[in-house]
Amino acid sequence: MIDLSAIVIFFQNIPWMSIILTLQWIFLAYFLAINIAYLALNYVSVFSIIGYMRDHRAEYLPKSLATYQPPVSILIPAHNEQGTIVSSVHSLLGLNYPEFEIVVVNDGSSDETLEEVVEAFGMVEFPEAYRRRIATKPVSRIFASARFPRVRLVDKENGGKADALNAGINCARYPLFCVVDADCILQQDSLARVVRPFLEDPKTVAVGGVIRVLNGCTVHNGFLEKIELPHSLLANFQLVEYLRAFLFGRLGWSPMNALLVISGAFGVFYKERIIAVGGYRSGTVGEDMDLVVRLHRSLRREQRPYRITFVPDPICWTEAPTDLKSLQNQRMRWQRGLAESLAPNFGLMFSRRGGAVGWLAFPFMVLFEFIGPVIEVLGYAAMIPLYLFDLIPLTSFLVFLFVSIGMGVLLSTNALFLEELSFHLYPRSGQQLKLFGVAILENFGYRQINSVWRFMAVVKWLFSFWAKGHWGKIARDGSWQRHADRAEDHPT
Amino acid sequence: LLNLVGTDPKIVFAFWLGVAVAVMTLLMLAVIIVMRQIVLHRERVHARALAFWKTVLAPAAGSEVAAIPPLPDRDLSGFLEAWNEVHEPLRGETTPHLARVAGEVGLEQRLYRRLTHRSFHTRLVAIIALGHVRNIESFRHVEGFIDDKNPIVSLCAARALMQIDPPRAVSKFVPQIVRRSDWSQGSIASILSEVGADNVTRELSEATLQANAEIAPRLIRFLASVNPDAAAPIIRNTLLSSADERLISTCLQVMSKREDLDCVRPLLAHPRWHVRMQAAVTLGRLGVPGDEQRLIAILSDEQWWVRYRAAQALTHLSFITREDMLRIERAQTDKYAKDIIEHVLAEQAMSAAA
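If you read the protein sequences in the order shown, they are chains A and B.
Once you know that position 13 of the first sequence is 13 in the numbering used here, the rest is easy, because the numbers rise by one and skip nothing.
To convert a position in the second sequence, counted from 1, into the numbering used here, add 1000.
Source of the hints: derived by calculation from the structure; they are not laboratory data.
Keep in mind the model is a prediction, meaning the values are calculated, not measured.
A few of these clues could be false.
For lysine-lysine, the following DSS-like pairs were computed, each having C-alpha atoms within a straight-line distance of at most 27 Å [said to hold, decoys possible]:
no., chain 1, residue 1, chain 2, residue 2
1, B, K1054, A, K63
2, A, K137, B, K1338
3, A, K203, A, K325
4, B, K1149, A, K63
5, A, K137, B, K1335
6, B, K1149, A, K203
7, B, K1172, A, K63
The following label-pair restraints were derived from C-beta to C-beta distances [said to hold, decoys possible]:
no., chain 1, residue 1, chain 2, residue 2, range
8, B, T1333, A, I275, 26 to 32 Å
9, A, I275, B, K1335, 36 to 42 Å
10, B, E1214, A, E99, 50 to 56 Å
11, A, V219, B, P1266, 53 to 59 Å
12, B, R1042, A, H90, 37 to 43 Å
13, B, P1228, A, V219, 42 to 48 Å
14, A, D189, B, P1228, 30 to 36 Å
15, A, I384, B, H1117, 56 to 62 Å
16, A, S140, B, P1175, 34 to 40 Å
17, A, A29, B, H1117, 45 to 51 Å
18, B, K1010, A, L441, 24 to 30 Å
If we take Cβ atoms under 7 Å as the criterion, some of the chain B residues that face chain A in the derived model are [claimed, not checked]:
no., residue
19, A1022
20, V1034
21, M1035
22, S1184
23, Q1253
24, W1304
25, E1342
26, A1354
Just so you know, even glycine gets a beta-carbon here, dropped at the ideal spot from N, CA and C.
Okay, chain A solo, but in the shape it has when bound (with noise of 0.2 Å):
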């Protein structure tokens, strides 16, 4: 029979209030590392910012001659794309850039996106010597056009959409090719400017852009024509959100030539470079994080000199989700993904030839970006009990949140300023007050209930870790572009 007076001893005996004391020390230092380090990277970001801004403000040299712009293949891996599908190619063929071709990957789609791209191009089987230099699910054909002479389209077998971007490398004819997504917006000029870098440092070999929020834009034939803010609250939310990520998540690593994630919706690559790393990983729902980690541990350790660069200009706007369901859905994913490339490149970390990826960005994205949202969720969990049990005031508690919330507005007012100091997209002081509004809002609910999502994704992937002893198994069933995963990339 359990004796219930020694188990009430037991627990009498256990030294609650210094265990309490110690949790808050180590919730404390937790506290202010994430803070301190989100303020060094707003910090380098200021700098990388001002200095992109000085040297590209205006096109100051003549004309780059065009045979010295490297030809590029655009990859639009599509899945049950029929919508958008004809319209994204049109808007493609109207960039401004010398020499490119459009490699439309149809993956198995169920519905009508081949016969469209067919169709609308006048398209016909093309007897293509076909190289497989990616192992891909099998391609059936592969089309050309007459009319239409920069596009082909690709006809295979449903593999996800890693697999489909790895068949899109194998038939890309240049040296560099550039992902872009079936529902992406674009400007004339987005390729010329993130191919740029390619121009300037002859070791570059990857450039990110950055992913803007789409709603409430007017976009007319496939480009944007007029910015203005979201009409709604939770779009609004997430373009806060896009600018802290973008504008100085990003940014600030790119200096230190660290930068961990290059959005799957729009990204330039070496495509001989990506070859070698054996391409885009099947089986995860973070192929775009994971292929970048994955180049800088290959090129660490061969120890060739590189660069993996991002282009702040505003280059790629894309739809956020505009309910809740599609966001939870869109966040777990990314949280997912994030795991999913970090576990398997875990050497990468403090790795002896690490650099500041494998001592700085690494470390960072699995203290911060991967354990942050359990640790904030854990500690207004505990919050409750402790203060029921009377073990922490109400006063503390309070003082913390309005510091953690302080921080939070302040992390979210930078990425306005760092806005401001670059591209000003929204210029009007009534945009400018309803973004600090939503930069203070948003830490209301929106952030917490974030956090609640990310931390059941990263639940959810340790169960499925521990109880398959891999990575996690995916269902390929296209979901990857559905309306509820749109497009987007991962703000951090």
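Could you slot chain B onto chain A? The hints should help.
Chain B alone, transformed into the frame defined by chain A:
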């Protein structure tokens, strides 16, 4: 409020940290709003001046302007943008009417002052504008900037110097092309094409002959684009004597003399695939009867790109018809060779249909 916070030092510290953060946030918001208003005001003034001076300068590019209005300081940035915009399409030509405008508004003296301005943008616009003024006197004011660490400043200065006094500037520009790996190649090529072959050939040829294998490909490319005849002997010499595969590849890409094909043919068997590929492309461009057999031989190369370019090269030879290609395809026993010919023929049919 302080009474509520209590005396626990951790809580007091956190409270004051929160207050500091809140103050910083409000301060930053104020900075953003003030900065925006300043920028908006400047942009309005600039846009007004730009629009006005465009209407004055655009006609002056072609004909005499009767009366030139005074140029107040607040209009200078708009004037300079209009000045540079009007000159860009002229591509090196000078117009006496624009020079008169510059003289009347006292442009040069104002630009010299701007060369020492702390704003990067102001300095650069002044350098570019001085290039367009083309007064020999400006050379000494601009020449120091060619050594600037920033590649954009140094390249803009190089361009301005080449506009002001090409023979004198080229002796500064070419050594910098050799030294500066951070200069964008497209921009260098643009500047070289603006000043023309006569001004740069001698210096560029000498530099190419003296350059090491790392820099020589860049220089050969520039030389071949401004003066193919001057590049030809250097290319021939390189193809005969160099062991550097990157240099050989570059020479193959830019060579234009059929007389040098003898140096190309052996390269179809080069151990590096990109050299074989470039040799095939060159034969396709310049080849003569007999070369088709050499290209047919590499249709079975282990590298896709070599096979592809060899097949393309065959179709580019003027004496090879579509029927010849079909005959060559039928004669192939290797599957890869057949596939690549089929591919290239389909491409050819596709472009013909287009």
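Results for each hint:
Under the criterion of a C-alpha separation no larger than 27 Å, the hint pairing K1054 (chain B) with K63 (chain A) is consistent with the structure, at around 21 Å. Between the alpha carbons of K137 (chain A) and K1338 (chain B) the distance comes to roughly 25 Å, so the proposed pair stays at or under 27 Å and holds. Under the criterion of a C-alpha separation no larger than 27 Å, the hint pairing K203 (chain A) with K325 (chain A) is inconsistent with the structure, at around 42 Å. The hinted pair formed by K1149 (chain B) and K63 (chain A) meets the criterion: a straight-line CA distance of about 21 Å does not exceed 27 Å.
With a CA separation close to 23 Å, the supplied pair K137 (chain A) and K1335 (chain B) stays within the 27 Å bound. Restraint check for K1149 (chain B) and K203 (chain A): satisfied, since their Cα atoms lie roughly 19 Å apart, inside the 27 Å limit. Straight-line distance between C-alpha atoms of K1172 (chain B) and K63 (chain A) comes to about 22 Å, which keeps the hinted pair within the 27 Å bound. At about 30 Å, the beta-carbon gap between T1333 (chain B) and I275 (chain A) stays in the expected band of 26 to 32 Å.
Separation of I275 (chain A) from K1335 (chain B) is about 23 Å and departs from the stated range, judged on CB atoms against 36 to 42 Å. The hinted range of 50 to 56 Å is not satisfied by E1214 (chain B) and E99 (chain A), whose Cβ atoms lie roughly 27 Å apart. Between V219 (chain A) and P1266 (chain B), the C-beta spacing of about 56 Å keeps the proposed range 53 to 59 Å intact. A C-beta distance of roughly 39 Å is found between R1042 (chain B) and H90 (chain A), which places it inside the suggested range of 37 to 43 Å.
Against the hinted window of 42 to 48 Å, the Cβ-Cβ separation of P1228 (chain B) and V219 (chain A) comes to about 46 Å, which satisfies the hint. The given range of 30 to 36 Å is respected by D189 (chain A) and P1228 (chain B), whose C-beta atoms sit roughly 32 Å from each other. The beta-carbon spacing between I384 (chain A) and H1117 (chain B), approximately 60 Å, falls within the hinted interval of 56 to 62 Å. Taken as a hint, the range 34 to 40 Å is violated for the pair S140 (chain A) and P1175 (chain B), whose Cβ atoms sit roughly 57 Å apart.
For the pair A29 (chain A) and H1117 (chain B), the supplied restraint of 45 to 51 Å holds, since their beta-carbon distance comes to about 47 Å. Hint check: K1010 (chain B) to L441 (chain A), Cβ distance near 28 Å, so the stated range 24 to 30 Å holds. Because the smallest distance between the Cβ of A1022 (chain B) and any Cβ of chain A comes to about 5 Å, under 7 Å, the interface hint for this residue holds. Below 7 Å, beta-carbon pairs count as interface contacts, and V1034 (chain B) has none with chain A, the closest being about 10 Å; its hint is therefore violated.
At about 6 Å, the closest approach between the beta carbon of M1035 (chain B) and any beta carbon in chain A falls short of 7 Å, and the interface hint on this residue holds. Interface hint status for S1184 (chain B): upheld, as the beta-carbon distance to the closest one in chain A is roughly 5 Å, under 7 Å. Checking Q1253 (chain B) against chain A by beta carbon gives a least distance of about 10 Å; that is not within 7 Å, so the hint is violated. About 5 Å separates the beta-carbon of W1304 (chain B) from the nearest beta-carbon of chain A, less than 7 Å, and the hint is met.
Taking 7 Å as the C-beta cut-off, the interface hint given for E1342 (chain B) holds, the closest approach to chain A being about 5 Å. Proximity of A1354 (chain B) to chain A holds as hinted, the smallest CB-CB distance being about 4 Å (cut-off 7 Å).
Checked against the numbered hints listed earlier, the structure breaks hints 3, 9, 10, 16, 20, 23; every other hint is satisfied.
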